[in-house]
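Q: Chains as they are written, first to last, in our numbering: chain A, 1 to 328; chain Z, 1 to 328; chain S, 1 to 328; chain G, 1 to 328.
A few of these clues could be false.
One copy or two, either will do: identical chains are not told apart, so a pair holds if it fits within one copy or between any two.
BS3-like mimics (lysine-lysine), calculated; alpha carbons at most 25 Å apart, straight line [as the list claims (entries may be wrong)]:
(1) 212 / 64
(2) 50 / 157
(3) 157 / 64
(4) 212 / 67
(5) 283 / 212
(6) 316 / 212
(7) 57 / 267
(8) 283 / 67
(9) 212 / 57
(10) 50 / 267
(11) 67 / 50
(12) 67 / 157
(13) 267 / 283
(14) 212 / 157
(15) 67 / 316
(16) 157 / 316
Read the hints as simulated data drawn from the structure, not as lab findings.
Number of protein chains: 4
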Amino acid sequence: MLAFFRKAHSITYRGSVNTAWKRTKAHISGAQRLDIRGIYPPIATPFTEKEEVDYQKLNANLEKYGKISFRGLVVQGSNGEYPYLTVEERVEVVRRVRQALPQDKLVVAGSGCESTMATVQMSQLMAGAGADAVLVVTPCFYRGRMDSRALVQHYTKVADSSPVPVVLYSVPGNTGLDLPIDAVVTLSQHPNIVGLKDSGGDITRIALIIHKTSSEDFQVLAGSAGFLMAAYSVGAVGGVCALANILGSQVCQLEELCLSGQWEAAKALQYRLIEPNAAVTRKFGVAALKQAMEWFGYHGGVCRSPLQPLSEAESKALRQDFSSNGWL
Amino acid sequence: MLAFFRKAHSITYRGSVNTAWKRTKAHISGAQRLDIRGIYPPIATPFTEKEEVDYQKLNANLEKYGKISFRGLVVQGSNGEYPYLTVEERVEVVRRVRQALPQDKLVVAGSGCESTMATVQMSQLMAGAGADAVLVVTPCFYRGRMDSRALVQHYTKVADSSPVPVVLYSVPGNTGLDLPIDAVVTLSQHPNIVGLKDSGGDITRIALIIHKTSSEDFQVLAGSAGFLMAAYSVGAVGGVCALANILGSQVCQLEELCLSGQWEAAKALQYRLIEPNAAVTRKFGVAALKQAMEWFGYHGGVCRSPLQPLSEAESKALRQDFSSNGWL
Amino acid sequence: MLAFFRKAHSITYRGSVNTAWKRTKAHISGAQRLDIRGIYPPIATPFTEKEEVDYQKLNANLEKYGKISFRGLVVQGSNGEYPYLTVEERVEVVRRVRQALPQDKLVVAGSGCESTMATVQMSQLMAGAGADAVLVVTPCFYRGRMDSRALVQHYTKVADSSPVPVVLYSVPGNTGLDLPIDAVVTLSQHPNIVGLKDSGGDITRIALIIHKTSSEDFQVLAGSAGFLMAAYSVGAVGGVCALANILGSQVCQLEELCLSGQWEAAKALQYRLIEPNAAVTRKFGVAALKQAMEWFGYHGGVCRSPLQPLSEAESKALRQDFSSNGWL
Amino acid sequence: MLAFFRKAHSITYRGSVNTAWKRTKAHISGAQRLDIRGIYPPIATPFTEKEEVDYQKLNANLEKYGKISFRGLVVQGSNGEYPYLTVEERVEVVRRVRQALPQDKLVVAGSGCESTMATVQMSQLMAGAGADAVLVVTPCFYRGRMDSRALVQHYTKVADSSPVPVVLYSVPGNTGLDLPIDAVVTLSQHPNIVGLKDSGGDITRIALIIHKTSSEDFQVLAGSAGFLMAAYSVGAVGGVCALANILGSQVCQLEELCLSGQWEAAKALQYRLIEPNAAVTRKFGVAALKQAMEWFGYHGGVCRSPLQPLSEAESKALRQDFSSNGWL
């Protein structure tokens, strides 16, 4: 619980004395849920040519990210190539990010593993490394058996033992599995589960989850810049957007337009973000994210194998997705 | 072209002399695109116990629908069980609807068939029966070969020869096929193609289509009440919503809230429509739509075989989806 | 080839001794089922350049097919572009085939429609046109509701009223729907349902169906030349193979090798049929089938729109799939 | 490399006459590949109630497996819950298995990880622990980018550096990814890649792979007892069958019947294995495998979380799948 106290002054908890917002229904006496509202880039992990983590380049990126009005960073999300890192690397990257980042920015660390046991341990390691919250992807290898019963039990055990709040993470594009709505509703009642990152993009599902968890102070984050505005329109409170690694200010500007009700301007900006966002995610993946980062003054570098660099044709198409929308 | 003149006074064409709105870039001299903005129920086809079309009950429904602020009706959409009707029935139902409906309401008739030839003929028959526009679903039996090339050619031939404007229709839940975005963009330039009904629910795709067809006065309708508000937020101009067969005024109210920028109220209403909408569409299908219609004073009746009536458990769950959201 | 001779004058029913064909009795006692063992090409429908049915070219094909040791022909299967034909055309093609074909060859006519009502009528029309059996594809537009209950009811009504035996037809590649195994088992007990054409290619499923219907004299046909030998190994009694439109003798030779237990030779032949078969089915579709027919002395011609002719690159790849296996 | 010499006399290499095994020479000449023909159970990992690896119970199982005519065991396949084990556990289990198993049985160890780097290291660890070969599953988290280029590079690097031969492993049910045929063909030419375990069950694909790698002395193993006989019929040389954990002698008997050309008897036996096999794999998963093992005198025990024990209804259905086929 050290991490909590260390950041006592810099991080706002909903219901804390100094804020207007008061949680009406506290689950546990004095329960406060971490306020995770805002925009987060799920940061890439720069590698050297030899595919080793390049902490220098990571720091250079962090210095820039620290100046953008992000709520925080997601570390070890899908874009961080976490499945390719060792346990030690995963933890060390989080430690470095926490050290380098201004204290008012949240560090949300991906701690999901396939087994409950490993996820519990990883969550503790991440908290120890300074994470303010952990992002826990659905285990998926045995997806045919990952029903609500299994997933509720998994997340409950993880949340029960995690020193920091848990954010659920549903990313069917990678896992082949949607965290079922009824499981989300059940889990939203857990005092240490504060929200959900939903990367599936099914806006009906997102709206329904927000509706059905409305009594629980449960916070839903859009998992992509592609549907960020629509997600805000139905009640999401932020976004974890790969594109924010590259066009961070612009994604934060879209947040601001949505929050201030400037929907026409928001729409115009949202439109221009869709194709670049798709290009660095499902169309061309992490290699594209890293390549585009280079174009915009960040350090991307190579991916770990087996992820391959873009072909020349892909690189050209990627560039086109940015330039045709006025970003290059 | 007779159909056009018959409705001269009752139907607004964008760019018509009597309205303020003027289409700046006409594709063809004097080109006017039919204004399809608004809400449409894709009406069910009532059957007798012997599974014959029940025109009396249809008329009773129409009388009620005529009093709701719909823009018009979609006849022979998926909810109309069109794949189960003969050519003659499909046309006759449209003819009856046109007769019964107030002249200021649009009749949009589903005319899609698997072959281009049959779709061309059906579109002409529908126009002859009084349809103001035709809604053309993607052919899908040979879906592996229905690429952009094939679909652009198909829709171009249909639109070239149709006496009334064409609305594209993408409904992957039934067809297993998304009309590709590049095909939509190409087809949006056709003077006789006025819009798209998109039932897939991928809000990123919908926003991108609106973005990429913005110079073409191309109108996108949400294909479901489940994501209607989100669709409005990103620029859709209306919706074809199965749920409007049952909660017509409420869906129109959601439209009004969105158009007038009352997003908080819209959100509250949108939330309550998601589960009932899902229940009468992908969860339980047309049989549920028809059963719920009975509860709300409309005539539903049986479905044609092989569609089966709901089991008792399904019926109970359906009722719960309405009552838990305050509609029953 | 004994089976052929056993069927002397026209059509042999299993269990018949030397009686004339007695339909009513067979229906009541269930003692005789039409023997459908053997190889069938699901014939293509030749069209003129104007996309009209070209009966002359059809006859020319039939003359050649009549000389190959097929058990019969499937008319109006997926390769016959049946979804693109009118009711009248579907029936007329069957009538012409029956007239042109030697009497010892079976005509199995596709009579599947989306509604039960239409399928019942079409089955009767097909029988009237001379079909020896009807092949009934699963209705699929409302696939989410096509569960065992719906499908058992559908097929039972069709079989109850069909003047000729019914063959079930599961083709998930086109319909997005597998006829459930429990439905097949139930339906196998119907006296007028004689077998199943399974085009899915899941050999475990095929074996299990044969196992679970073993007491019912139920005949399973492989729906493709790609897994014909494997299907024979687990108990299938024949195949409906698109490739037999082109390499008819060779497919019949594979049957012969399997039936006579020459598995090594069968394997060598089977291997060489896989790629050509894939090329004219799921890889490039009916247009490829028709183009390859031209190379082998049959009449293919164009497809109906929206099916497109092959691109030059596709045509080249198609040719390669035949030539690299020694057929061209 | 110690492991190799230890087994010098007990393991047959194809092409070897009576020479000691010479790795370098074999690589250069391609003259000798490890012969992997035969049946393998992909063994379960028994856990204690506290979800720790239970080495005692593992040994008890191994003692029994050692007496069955298996070619060897697959350790750390999907049924071994390898994604739930730590690196240390994965290696230790292999070491224990090698110690306990008679020297003439092969130990094939799963060494697949998401990154190439980790897979290279794990393969070396497995060889060090005594594995005779490594089974390398396709990395899959970024499945959208796992094309032939990426996978060929991945497997080539692994095979280049692995001290023991590599068996490719395609299991789309878990990974959502089929190892593309062209990648298999390319990889079959690598001197240190000896075969493929294909668990997808697409018999056409399996036959085509065997056909296209026929010049390479490449050995294909069926990944399931459900299609084992069909796989033998088209040229597979063995099987890795979950069901062999339970009905090991029977699966070996099926192998024997296929190899000796007793196809009718093989068919009768194959039929009875399909439902039990499906029950312990895709229907109910590893928990069912472990439960059924208990019924047949082996030690299964619990699964690691988040895998759940079977519900009572599932357990009953599982039992039925064995009893209705005469095994219980």
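Q: Next, verify each hint and record whether it holds.
A: Outcome of the hint check:
Taking the shortest alpha-carbon separations for residue 212 and residue 64, neither the intra-copy value of 38 Å nor the inter-copy value of 32 Å comes in at or below 25 Å. In this homomeric assembly, residue 50 and residue 157 come within 25 Å of each other (Cα to Cα) only across copies, at 14 Å, whereas the closest approach inside a single copy is 38 Å. For the homomeric pair residue 157 and residue 64, neither the shortest alpha-carbon distance inside one copy (37 Å) nor that between copies (36 Å) is at most 25 Å. With identical chains, the CA atoms of residue 212 and residue 67 are never at most 25 Å apart, being 36 Å at best within one copy and 33 Å at best between copies.
Proximity of residue 283 and residue 212 under a CA criterion of 25 Å is satisfied inter-copy only: 18 Å between copies versus 32 Å inside one chain copy. Proximity of residue 316 and residue 212 under a CA criterion of 25 Å is satisfied inter-copy only: 20 Å between copies versus 44 Å inside one chain copy. Taking the shortest alpha-carbon separations for residue 57 and residue 267, neither the intra-copy value of 34 Å nor the inter-copy value of 43 Å comes in at or below 25 Å. In this assembly of identical chains, residue 283 and residue 67 lie within 25 Å of each other by CA distance neither inside one copy nor across copies; the values are 29 Å within and 47 Å between.
Taking the shortest alpha-carbon separations for residue 212 and residue 57, neither the intra-copy value of 42 Å nor the inter-copy value of 37 Å comes in at or below 25 Å. In this assembly of identical chains, the alpha carbons of residue 50 and residue 267 never lie at most 25 Å apart, being 42 Å within a copy and 47 Å across copies at closest. Taking identical chains as interchangeable, the C-alpha atoms of residue 67 and residue 50 are never at most 25 Å apart, the minima being 30 Å within one chain and 47 Å between chains. Taking identical chains as interchangeable, the C-alpha atoms of residue 67 and residue 157 are never at most 25 Å apart, the minima being 36 Å within one chain and 41 Å between chains.
Only within a single protomer do residue 267 and residue 283 lie at most 25 Å apart by alpha-carbon distance; the minimum there is 22 Å, versus 31 Å between protomers. Taking the shortest alpha-carbon separations for residue 212 and residue 157, only the intra-copy value of 23 Å comes in at or below 25 Å, while the best inter-copy value is 43 Å. Taking identical chains as interchangeable, the C-alpha atoms of residue 67 and residue 316 are never at most 25 Å apart, the minima being 30 Å within one chain and 55 Å between chains. Within a single copy, residue 157 and residue 316 get their C-alpha atoms no closer than 46 Å, and across copies no closer than 28 Å, so neither meets the 25 Å cut-off.
In this structure, the earlier hints numbered 1, 3, 4, 7, 8, 9, 10, 11, 12, 15, 16 are contradicted, and the remaining ones agree with it.
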